[in-house]
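Enquirer: Protein chains in written order, with the numbering used here: chain A, 1 to 209; chain B, 210 to 591.
Keep in mind that a hint or two might mislead.
As a list, the in silico DSBU-like pairs of lysine-lysine whose alpha-carbon atoms are at most 30 Å apart [claimed, not checked]:
#1 A:K165 to B:K277
#2 A:K68 to B:K257
#3 A:K68 to A:K172
#4 B:K257 to A:K10
Over the 10 Å line for every Cβ pair with chain B, so calculated as not near, a few chain A residues [unchecked claim]:
#5 K10
#6 G38
#7 G58
#8 S60
#9 K68
#10 H83
#11 R120
Hints are computed from structural coordinates only; laboratory data are not their basis.
Each residue gets a CB set at the ideal place from its N, CA and C atoms; glycine is no exception.
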Amino acid sequence: MPGKTKVLKKPTRTLADQSYLIEVVKGLGTTLKHFFQGTGQMVSGNVPNAVTDPLAEGISTLSYPEEKRAYSERWRGVHRLTHRDDGSPRCVACLCCSTACPAQCIYIKPGEYPEGDKRRGYERYPVEFVIDELRCIFCGFCVEACPCDAIRMDTGTHMTAFDVKSDFVYDKDKLMSMVSQHGTQKSENPRHEPGDPGHPGIDRLHGGH
Amino acid sequence: MLFWISTTLKVLVVVGFLAQVAALLLWVERKQSAMMQSRIGPNRATIKIGSLEIRAAGLVHSIADGIKMVWKADWEPTGGDHLLYRLAPIVAIVPALCLCAVLPFGPTVFLDHGRDLYDPAWATDAATLARSVPLQIANLDVGVLFIFAIAGAGVIGAALAGWSSDNKFSLMGGLRAASQMVSYEVAMGLSLVGAMMIYQTVRLDEMVTWQTQHCWGIFVQPVAFVLFVTAAIAETKRVPFDTPEGESELVAGYFTEYAGLKMAMFASGEFVEVCVSSALITTIFLGGWQFPFVQLTGLEFHYLGLNISWHWAHFVVVLVGFITFSLKCAFLIFMQLQVRWTLPRFRYDQIMKLGWRMLLPAALLNVLVTGTVLLFLNSGNG
Ligand code: SF4
Ligand code: SF4
């Protein structure tokens, strides 16, 4: 059984529409209105603040980079590596991010902590951590993949333009030096070092099972 | 002697002005479109003198553009016709410049009578006439016809450019430019026939005189005004009639293969055309250099029961006339740029339909109606 059919009325064109002239005059009226609004604002210096009032009527140009708007928390900018309390990277060199990365632009060289370090056996650390930001497609998969909240893209920073290609390749130091939009190098999520109360105490040699 | 000096001066002033017009209009176009679209527009180019930074509201961008154009590689396509390729930009810009020769931009200046009140006897007195300077480079008897002839030559530049570039996009652009300009010339010419019938002359200065004494052409020939403005915009090949250079289909049309200063010549030729067509519309339909209710003797307002006669010295009238002409042109240029940023581009077939099926019959009808009305009026008088 056929369903209900709704007949859409075709828009008709009146003679006035078809003569084109009236519509041209109307269009000119609209653009002239905006022209005088914009010119008036420019001349009187009454240009609305594009940072605080982005939806205001009239000129809404943001003079980037002198003026910037705050980005939402979810906005994906250049990466940073978060810090532990002692300033070392939270990253445990699990390679989840580099595996997830569709652009294959993360290179991590993992290393074992030295004998006697209480983290040895529990986790590794990145000897080298390199992201080629030029290859990166800013998908955020690396952030989603990380089990340790060690990599984040909440810096609120665009990829800057450099003269040399190698400048786009961010190494560990550079990534560690980036701060979040709020200026912190840490993450809000708690982290338990081996030996802390709350640390599961499971390592690669003595599994829980 | 006076003739040669004054003519040389007039040529220098007019050509000098038109040489600047491209840079100026480039700025106007950018800023105007920016204001319309709620943007700030170009404002970053800076001239630094010590700690002084000159930005001149974006005017410096025009200078920067000029410098850029000069330093661009003067690349030429290896195929094609080299002579025609180099000739085309010149052929495109020269007719536009020539058109200015017959445009009256002010009333005749009588050098001996600067401070006197205008007297119609001057125009017939041989000694006074010998010491007078018409504000018009060449006062041709053929007036409007000269304009049609020269404007028609403008198409050759575009066609040559398209042909000699050895590029299919250029060729298409050249073809489109040629057909479009030829089509609209017909409507353009016919739309003025009515005006010529009313003014009873083809001389531009006499047209202005008629309008000074009676009323502006736009009131007696409103249809012709609309037709002529439409056709004039089409002749300048600017949006909404810019299919010859429609970048979404033809890269840049007939000047795709041009670089550096040669391309700048095409671009500035376009602006000169805008300028000239505005001056032409002003002269034929908007009373030329006449300020409303100002006659050669000064302000004369004899309507609504008022009888105001405020007499001015001759040089004041001339000055007012010149300024009025400039302001009218500026307004029309502004409106042409506004049209360019308001309307979307027509399709090629729509342009042809508009030209042949709408403008041409309307122009013919206008001639018919004007003729009929004139006949009735004259038989009534006779
Ligand atoms: S954002 Fe995507 S492309 Fe960029 S490094 Fe992370 S996973 Fe790779
Ligand atoms: S950043 Fe996160 S996912 Fe990537 S290696 Fe380090 S801990 Fe693993």
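Enquirer: Give me the numbers of the hints this structure contradicts, sorted from smallest to largest.
Expert: 4, 6, 7 and 8
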